[in-house]
Amino acid sequence: MHADPIAKSAPPPSTADLVRRSLVRKGRWGVAEIGFWAVAAATLFFLPERHLILNEIAIIGLFALSLDLILGYAGIVSLGHAAFFGFGAYTAGILAKHGFADPLLGLGAAALAAALLGFVTSFLVLRGTDLTKLMVTLGVALLLGEIANQASWLTGGADGLQGISMGPVLGLFEFDIFGTTAYAYSLTVSFLLFILARRIVVSPFGLSLRSIRDNPLRARAVGIPVSRRLVAVYTLAAAYAGVAGALLAQTTQFVSLDVLAFHRSADIMLVLVIGGAGYLYGGLLGAIGFKVLQDILSGWTPQYWQFWIGLILVVIVLVGRERLTDKVGALWPRSRTRPAGQAQVLPATPAREV
Amino acid sequence: MRRRSVLSAAGAALAILAFGGTASGQEVVKIGLILPMTGPFASTGRQIEAAAKLYMRQNGDTVAGKTIQLIVKDDTGVADITKRLAQELIVNEKVGVIAGFGLTPLALASAPLATQAKVPAVVMAAATATITEASPYIVRTSFTLPQATVPMANWASENGIKKVVTLVSDYGPGIDAEKAFTGAFSAKGGQVENLRVPLANPDFSPFLQKVADAKPDALFVFVPSGVGAQFMKQFVERGLDKSGIKLIGPGDVTDDDILNGMGDVALGAITTQHYSAAHDSPENKAFVEAFKKANNGMRPNFMAVGGYDGMHLIYEGLKKSNGAGGEALVNAMKGLSWTSPRGPVSIDPQTRDIVQNIYVRRVERVNGELYNVEFATIPNVKDPVKAAKSN
Numbered sequence: 001m002h003a004d005p006i007a008k009s010a011p012p013p014s015t016a017d018l019v020r021r022s023l024v025r026k027g028r029w030g031v032a033e034i035g036f037w038a039v040a041a042a043t044l045f046f047l048p049e050r051h052l053i054l055n056e057i058a059i060i061g062l063f064a065l066s067l068d069l070i071l072g073y074a075g076i077v078s079l080g081h082a083a084f085f086g087f088g089a090y091t092a093g094i095l096a097k098h099g100f101a102d103p104l105l106g107l108g109a110a111a112l113a114a115a116l117l118g119f120v121t122s123f124l125v126l127r128g129t130d131l132t133k134l135m136v137t138l139g140v141a142l143l144l145g146e147i148a149n150q151a152s153w154l155t156g157g158a159d160g161l162q163g164i165s166m167g168p169v170l171g172l173f174e175f176d177i178f179g180t181t182a183y184a185y186s187l188t189v190s191f192l193l194f195i196l197a198r199r200i201v202v203s204p205f206g207l208s209l210r211s212i213r214d215n216p217l218r219a220r221a222v223g224i225p226v227s228r229r230l231v232a233v234y235t236l237a238a239a240y241a242g243v244a245g246a247l248l249a250q251t252t253q254f255v256s257l258d259v260l261a262f263h264r265s266a267d268i269m270l271v272l273v274i275g276g277a278g279y280l281y282g283g284l285l286g287a288i289g290f291k292v293l294q295d296i297l298s299g300w301t302p303q304y305w306q307f308w309i310g311l312i313l314v315v316i317v318l319v320g321r322e323r324l325t326d327k328v329g330a331l332w333p334r335s336r337t338r339p340a341g342q343a344q345v346l347p348a349t350p351a352r353e354v
Numbered sequence: 001m002r003r004r005s006v007l008s009a010a011g012a013a014l015a016i017l018a019f020g021g022t023a024s025g026q027e028v029v030k031i032g033l034i035l036p037m038t039g040p041f042a043s044t045g046r047q048i049e050a051a052a053k054l055y056m057r058q059n060g061d062t063v064a065g066k067t068i069q070l071i072v073k074d075d076t077g078v079a080d081i082t083k084r085l086a087q088e089l090i091v092n093e094k095v096g097v098i099a100g101f102g103l104t105p106l107a108l109a110s111a112p113l114a115t116q117a118k119v120p121a122v123v124m125a126a127a128t129a130t131i132t133e134a135s136p137y138i139v140r141t142s143f144t145l146p147q148a149t150v151p152m153a154n155w156a157s158e159n160g161i162k163k164v165v166t167l168v169s170d171y172g173p174g175i176d177a178e179k180a181f182t183g184a185f186s187a188k189g190g191q192v193e194n195l196r197v198p199l200a201n202p203d204f205s206p207f208l209q210k211v212a213d214a215k216p217d218a219l220f221v222f223v224p225s226g227v228g229a230q231f232m233k234q235f236v237e238r239g240l241d242k243s244g245i246k247l248i249g250p251g252d253v254t255d256d257d258i259l260n261g262m263g264d265v266a267l268g269a270i271t272t273q274h275y276s277a278a279h280d281s282p283e284n285k286a287f288v289e290a291f292k293k294a295n296n297g298m299r300p301n302f303m304a305v306g307g308y309d310g311m312h313l314i315y316e317g318l319k320k321s322n323g324a325g326g327e328a329l330v331n332a333m334k335g336l337s338w339t340s341p342r343g344p345v346s347i348d349p350q351t352r353d354i355v356q357n358i359y360v361r362r363v364e365r366v367n368g369e370l371y372n373v374e375f376a377t378i379p380n381v382k383d384p385v386k387a388a389k390s391n
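Protein chains in written order, with my numbering: chain C, 1 to 354; chain X, 1 to 391.
Treat the hints with care, as some may be off.
[To be verified] With a straight-line cut-off of 30 Å between C-alpha atoms, the simulated DSSO-like cross-links for lysine-lysine are:
hint, chain 1, residue 1, chain 2, residue 2
1, X, Lys-53, X, Lys-285
2, C, Lys-97, X, Lys-179
3, X, Lys-389, C, Lys-97
4, X, Lys-320, C, Lys-291
5, X, Lys-179, C, Lys-291
6, X, Lys-320, X, Lys-285
7, X, Lys-319, X, Lys-30
8, C, Lys-291, X, Lys-30
[Stated by the list, open to error] Here chain C is said to cover these stretches of chain X; the calculated rule only asks that three of the stretch's residues, wherever they fall, bring their Cβ under 8 Å from a Cβ of chain C:
hint, stretch
9, 67–79
10, 82–91
Just so you know, the hints here were simulated from the structure itself, not pulled from any lab data. Just so it is clear, CB atoms sit at the ideal spot from N, CA and C, and this is done for glycine as well.
Starting from the given sequences, assemble the full structure and let the hints guide the process.
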């Protein structure tokens, strides 16, 4: 609809127009995307006996999405993302334990609390090189883990936070033992937050993040407020992780210290590596891949499943995920032409126009 | 779509009914064994799984006309995964019993589920005293930490030890052990000083220096079993073994699984616990021999005996309840008593916790291998925490 009038009236489209058009195109939903969410919704009705693991997948997917926002889009490496996840989980858990049983209230509180923590720690994290960031994020998570361990009057310490009883979602849907309400709830929340993230990454804000990721010096030179943007996205990602943690706390009605543990940060990195960073679906696909593999392999060999996961990971890294997905993509004629088309949309901008 | 969800809801309701009341109609009783099979606590899972499988091999898979089927799941030691697996086992596999639970939070996370679904949960490892209070469907065949610790305090005060420094890992069970020991030992008129060591990557040397300066009669130690070897090494490196300070503690430090690998540094350590692979009884000799034979010479430890007795409890419970599950099975388990490889044990009908002998042991070299050799017995010890509450 956009293309026609421009092609007829204006002789050469200006860069601004091209960018706008490309943004609109990127913002449009593809068939595969709609299919993905349709399948996700369908599992609510067609896989009733798998809702518990699907609930976990939805939560891990949202958590990985949160890491993707900072790692894939802004290039901030983190080995301590579980800090926000765990903070959100404990916030929601403690609220519920003390009588605030409404799930949405807990979700909102967890998002706010984690965002606040993300905002405060962002100033620490955004200094220094990647290695420093890794260490600082790791340190923040370890620190929180130790605080949660020591403050056992509040968190239950090593025994875990017990006695959480959740009210029904929206006052209508009680959490059931089959995990159906839990899954529907987690999926809906994840979906809504996904839509929001999707809007954000194709917005000028999202584009500026990507330019910061690719070259922070140059981004600063063209007038992007680098630090402020990074603080903003870090805070946003923290809120997302907090919501994921809150979902876990509310749907399992238990919080233990391992929500803050290092392995959780490392696992989520693994999930994102499996799925691929920087296109939002990486976290979701990675979560599905990782959990389904884990479920099948650990059912098959409870002792040695990690060996097979490791092997598969090595294969993915050696062969290269891009190559694998390209092979699959090549089977679909439309997708083959798309990368080439996209490359033409944004011509090299002459310096004077910037 | 709506009809489908109504249908599935109806199916769900039926499944719940099937569980609560009429589990006796099943021909197969499935046991969901949820254990940390990978990760830092994998040795717990390995021992329990091996013991449970050994029990089934020795006793067949038919009880009270039902076929027993064991389903092993790996929870990697993470509480939310344990809960999810327990829930899946109950909802999808319709298990009659969930069992295992390597760590306290894993058991506590699943406790509400056992209550909700009326499925007995047999705790084979986790040792925090309060676990059995979390659900009326929880029965325990391992031990409680105070159960092993309080006799240590009594033994120490009766054997000329006046001043003790405690050194524990700074986490739930460590603090429990510290409290149990300090309480019991000061009640007997002893003098106690407390030290806590960080749980992650501990370096014991500064703490051991403090111990050396304090010159106590004995050093009471509780660390998770894997760290025990490291502790022993530093204890000897600092020369504390020659300073006349006795090393005492609950048996986790000299866990049978790793004891022989510790070398001579462990010699002479005095511990109290409910099980040693060197326990002198025909039941235990047969158990250790069969266990080693089935597992490439691996020595069973207190986790293995918890798994073995857990399976025995389920079998005997099913016999007594004529194959009925749910509440009938829990009730059948209450008060059962038998001779385990660890000695005589019973299930306390009030608390559903295990009552057992606690043995005082010294690490010695027997036939070239290190063992905890028992030299004193405190018979029929109940969990002191719950016993104190009921008085």
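Now the hints, each set against the structure:
1. X:Lys-53 <-> X:Lys-285: Holds - the C-alpha atoms of X:Lys-285 and X:Lys-53 are around 18 Å apart, at most 30 Å.
2. C:Lys-97 <-> X:Lys-179: holds (27 Å)
3. X:Lys-389 <-> C:Lys-97: holds (24 Å)
4. X:Lys-320 <-> C:Lys-291: The given pair, whose Cα atoms are some 40 Å apart, is violated under the 30 Å limit.
5. X:Lys-179 <-> C:Lys-291: violated (40 Å)
6. X:Lys-320 <-> X:Lys-285: Satisfied, since the Cα-Cα distance of roughly 28 Å is no more than 30 Å.
7. X:Lys-319 <-> X:Lys-30: holds (15 Å)
8. C:Lys-291 <-> X:Lys-30: holds (24 Å)
9. 67–79: This one holds; 6 residues, not fewer than the three required, reach chain C with a Cβ under 8 Å.
10. 82–91: holds (count 6)
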